Amino acid sequence: MKKPQTKAELRATLEREMRRYLDAGGQVESVPPGTSGRDPDGSRYTTTSLFNEPRPSRTPVDGVIAAIEARRQAMRQRPPARRVRKRDAGGRQRVIYDDFGEPVRRVWDDSK
Numbered sequence: 000m001k002k003p004q005t006k007a008e009l010r011a012t013l014e015r016e017m018r019r020y021l022d023a024g025g026q027v028e029s030v031p032p033g034t035s036g037r038d039p040d041g042s043r044y045t046t047t048s049l050f051n052e053p054r055p056s057r058t059p060v061d062g063v064i065a066a067i068e069a070r071r072q073a074m075r076q077r078p079p080a081r082r083v084r085k086r087d088a089g090g091r092q093r094v095i096y097d098d099f100g101e102p103v104r105r106v107w108d109d110s111k
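With numbering that gives the first Met the number 0 applied, the sequence shown has no gaps in its numbers, which climb one by one up to 111 at the end.
It should be emphasised that the hints constitute simulated quantities derived from the structure, not laboratory data. Among the hints, a few may not be true.
Here are the in silico distance ranges between beta carbons for each label pair [stated by the list, open to error]:
id: 1; residue 1: Asp-38; residue 2: Lys-6; range: 44 to 50 Å
id: 2; residue 1: Thr-34; residue 2: Glu-14; range: 19 to 25 Å
id: 3; residue 1: Val-60; residue 2: Arg-82; range: 48 to 54 Å
id: 4; residue 1: Arg-54; residue 2: Gly-33; range: 36 to 42 Å
id: 5; residue 1: Arg-54; residue 2: Gln-76; range: 35 to 41 Å
id: 6; residue 1: Ala-11; residue 2: Arg-37; range: 28 to 34 Å
id: 7; residue 1: Met-74; residue 2: Arg-54; range: 34 to 40 Å
id: 8; residue 1: Thr-12; residue 2: Met-74; range: 58 to 64 Å
id: 9; residue 1: Glu-16; residue 2: Arg-37; range: 21 to 27 Å
id: 10; residue 1: Glu-16; residue 2: Arg-57; range: 25 to 31 Å
id: 11; residue 1: Glu-68; residue 2: Arg-10; range: 43 to 49 Å
id: 12; residue 1: Lys-2; residue 2: Arg-37; range: 35 to 41 Å
id: 13; residue 1: Met-0; residue 2: Leu-49; range: 53 to 59 Å
id: 14; residue 1: Ala-66; residue 2: Arg-105; range: 48 to 54 Å
Note that the coordinates shown come from a computational prediction; the quantities given were computed from them, not determined experimentally. Quick reminder that beta carbons are idealized off the backbone N, C-alpha and C, glycines included.
Whole structure, please, built from the sequences with the hints as guidance.
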């Protein structure tokens with residue numbers, strides 16, 4: 000996994016790139032603090048490039064939604080499946096004790 004860059008490494012990289020730019024003859028203009036990079040005469044909302052493309056056409060899904068709703072209604076109208084308990088279907092397990100009250104074995108008792 001690639002190790003993420005720390006802030007110190009990022010600062011060092013930016014410093015190296017700035018030095019290389021200045022050594023190659025580049026210049027940095029001094030800008031007074033608080034000056035915005037936006038055009039003061041331009042509108043705040045017209046400078047953004049959001050929603051410039053035409054609206055895409057939507058895919059009609061009315062038939063799909065109708066099919067899903069029909070399945071949902073069919074599930075609601077069906078009575079819930081009745082669960083059969085194991086005990087009801089197979090009887091009950093009883094423990095047979097000896098004369099001293101110790102369990103000897105277990106047997107299935109089908110009578111209720």
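Structure-based check of each hint:
no. : hint                         : in the structure
1   : Asp-38 x Lys-6: 44 to 50 Å   : violated, 32 Å
2   : Thr-34 x Glu-14: 19 to 25 Å  : holds, 23 Å
3   : Val-60 x Arg-82: 48 to 54 Å  : violated, 37 Å
4   : Arg-54 x Gly-33: 36 to 42 Å  : holds, 39 Å
5   : Arg-54 x Gln-76: 35 to 41 Å  : holds, 40 Å
6   : Ala-11 x Arg-37: 28 to 34 Å  : holds, 31 Å
7   : Met-74 x Arg-54: 34 to 40 Å  : holds, 36 Å
8   : Thr-12 x Met-74: 58 to 64 Å  : holds, 60 Å
9   : Glu-16 x Arg-37: 21 to 27 Å  : holds, 25 Å
10  : Glu-16 x Arg-57: 25 to 31 Å  : violated, 46 Å
11  : Glu-68 x Arg-10: 43 to 49 Å  : violated, 59 Å
12  : Lys-2 x Arg-37: 35 to 41 Å   : holds, 37 Å
13  : Met-0 x Leu-49: 53 to 59 Å   : violated, 36 Å
14  : Ala-66 x Arg-105: 48 to 54 Å : holds, 53 Å
Violated hints for the displayed structure, listed by number in ascending order: 1, 3, 10, 11, 13.
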